[in-house]
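Asks: Chains as they are written, first to last, in this note's numbering: chain U, 1 to 119; chain A, 1 to 111.
No lab work stands behind these hints: they were computed from the structure.
One thing to keep in mind: the hints can contain errors.
As the list claims (entries may be wrong) - Straight-line C-alpha distance at most 25 Å; calculated SDA-like pairs for lysine to any residue:
no., chain 1, residue 1, chain 2, residue 2
1, A, LYS3, U, ARG37
2, A, LYS98, U, PHE28
3, A, LYS98, U, SER90
4, U, LYS20, U, ASP65
5, A, LYS98, U, THR75
6, U, LYS66, A, LYS98
7, A, LYS98, U, LYS14
8, A, LYS98, U, LEU46
9, A, LYS98, U, PHE91
10, U, LYS20, A, ASP86
11, A, LYS98, U, ASN70
12, U, LYS20, A, GLY43
13, U, LYS14, U, THR80
14, U, LYS41, A, GLN69
15, A, LYS98, U, THR49
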Amino acid sequence: GAVVSQHPSWVICKSGTSVKIECRSLDFQATTMFWYRQFPKQSLMLMATSNEGSKATYEQGVEKDKFLINHASLTLSTLTVTSAHPEDSSFYICSAWIPGTGKTKNIQYFGAGTRLSVL
Amino acid sequence: AQKITQTQPGMFVQEKEAVTLDCTYDTSDPSYGLFWYKQPSSGEMIFLIYQGSYDQQNATEGRYSLNFQKARKSANLVISASQLGDSAMYFCAMILNKFYFGSGTKLNVKP
């Protein structure tokens, strides 16, 4: 299957600093990427949909200025958690979607996730 | 409104036995896709199987099969011959205009 690389896998930072998480599609072009947040023992919560070359679409309740998303190319989307605070500590997962028809299409491929711990 | 429902928070199965994980969905859109993902303790989401709403046959991928009952709006995952490595969280998901995930089922495979 397609490969999505997410970096870093784990980051610890001090309160007030900003953290950037990268999501790359390695062997395909992804016009659409998604960013999720997952709390322990809970399901994935969609934060935003990232479209290459345009502004991200944020879900209700997600602060746009807090979670900056940039999708500058067909293979890279970044999520920046600005002025991180302990309540932002969570597991963040990106995914890339290949729409269309056929057995290999319409599948969302996930990165390995990033564990963010804000002290 | 909940679009994907997984009613089993946790399940146990004996190694080498088959297990069914339940998933029901809610949509009036005739075009949708259904997925199952596995999330081990490492956190990564692993794609298992996909079923399109217009697919006539149930999807199968190795030991995984999807029991798609369109009239009942159910898309249960069947894992045959469970292995210890199958212990993980399993999420059912649906794609409409965006992706919707169920709350997950934690599967424990006993030796």
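Asks: Each hint: holds or not?
Replies: For each hint, the structure was consulted:
no., hint, verdict
1, A:LYS3 / U:ARG37, "holds (19 Å)"
2, A:LYS98 / U:PHE28, "holds (20 Å)"
3, A:LYS98 / U:SER90, "holds (22 Å)"
4, U:LYS20 / U:ASP65, "holds (14 Å)"
5, A:LYS98 / U:THR75, "holds (20 Å)"
6, U:LYS66 / A:LYS98, "holds (22 Å)"
7, A:LYS98 / U:LYS14, "violated (34 Å)"
8, A:LYS98 / U:LEU46, "holds (9 Å)"
9, A:LYS98 / U:PHE91, "holds (20 Å)"
10, U:LYS20 / A:ASP86, "violated (33 Å)"
11, A:LYS98 / U:ASN70, "holds (19 Å)"
12, U:LYS20 / A:GLY43, "holds (19 Å)"
13, U:LYS14 / U:THR80, "holds (15 Å)"
14, U:LYS41 / A:GLN69, "violated (28 Å)"
15, A:LYS98 / U:THR49, "holds (9 Å)"
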